[in-house]
Amino acid sequence: MNELRRALLKGGTAAGTVAVAIAAGLMRPSQVLAAEWNKAAFDAKSVSDALKGIGAASPADSKDILIKAPDIAENGAVVPVEVTSRIAGTQTIAIIAEKNPQPLAASFDLSNGAEGYVHVRLKMGQSSNVKVVVNAGGKHYTAAKEVKVTIGGCGG
Amino acid sequence: MAEPMKIRAQLQGDVVDVKVLMNHPMETGQRKDPQTNQTVPAHFIQTVTATLNGRQVLAAQWSQAVSKNPFLGFKVKGGKAGDKLVISWADNKGDKNTTEATVSG
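The listed protein sequences derive, respectively, from chains A and B.
Mapping of the first sequence onto this note's numbering: residues 20 to 175, in sequence order.
Mapping of the second sequence onto this note's numbering: residues 113 to 217, in sequence order.
Hints are computed from structural coordinates only; laboratory data are not their basis.
Everything hinted at is true.
Mimicking BS3-like on lysine-lysine, the simulated pairs with C-alpha atoms at most 25 Å apart in a straight line are:
no.	chain 1	residue 1	chain 2	residue 2
1	B	K131	A	K164
2	B	K208	B	K180
3	B	K205	B	K144
4	A	K64	B	K180
Please construct the entire structure, taking both the sequences and the accompanying hints into account.
Here is the structure:
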C-alpha cells in the first residue's frame with residue numbers, strides 16, 4: 020500500500036518534469052524563429068505594411084541603387100533581379116514585388132566586407148514595380164523598376 | 113534529404129564573386145495540384161547565411177516569392193584564394209542544408 024503511494028508520487032513528479040521540459044523545448048525554437056525570420060513583414064499583404072515590417076515606413080528615393088531586371092519577363096516564375104547599391108555603408112537590401120500576394124520577397128543583411136550587391140531570381144504574379152529598399156546607417160533609401168510579366172509565376 | 117548546393121566562389125581582384133544554386137521546390141502555398149485539386153502546402157527556404165573564414169558576410173530572409181531551385185549571387189571584398197566559404201539554409205519545415213566551398217583564384 021505504502022509502496023504504491025510512493026510509486027505514484029514519483030511517477031507524478033517525473034511526468035511533471037517532462038511536461039516542463041517539453042514546454043521549455045517548444046518555447047525555444049519559436050523564439051529563435053521570430054528573431055530570425057521577420058514573419059510580420061513577410062506576411063504583410065500590402066507594400067506599406069511590408070515597409071513598416073522592415074522598419075522603413077518612408078524611404079527616400081535614391082539614384083544610387085541600380086536594379087537590373089528584364090523590362091518584359093516572359094516567365095513570371097523566374098525573374099532575375101540584380102541589385103547594386105552604391106550607397107556607402109549599405110547594410111540591408113530588401114526586394115519587394117509590389118503586386119505579389121505577399122509583396123516582400125527577400126531581404127539581405129550584409130556584413131564583414133560584403134558589397135552592396137545581390138542577385139536572385141523571383142516569382143512575380145503579374146506586371147508590377149520591383150522595389151528595392153536599402154538601409155545604410157539607419158537611413159532608408161529606395162528605387163524601383165517596372166517589370167512586365169506575360170505569364171504569371173504564382174499559378175504554376 | 114536536401115541535396116548539397118552548387119557553389120562557385122571566384123576571386124576577381126580582391127573581391128570574391130559568389131554564385132550559389134540550391135535545390136528546393138519553393139512552394140508558394142498557392143499552387144494547386146492539377147490531379148487532386150488540393151492546394152500544395154507552402155514549402156520554402158526562409159533563411160540563408162554565408163560565412164567567409166568563419167565571419168558572417170550575408171544573412172538573408174526569403175519569402176515564397178523566390179524562384180524554385182534558387183539562385184543567389186553576392187560579392188565580398190577582401191577575400192583571397194583558399195578562403196573557406198560556408199553557406200547554410202533552413203526552410204519553413206525545419207529542413208536544413210550546409211555546403212562548403214573554397215575560393216578559387
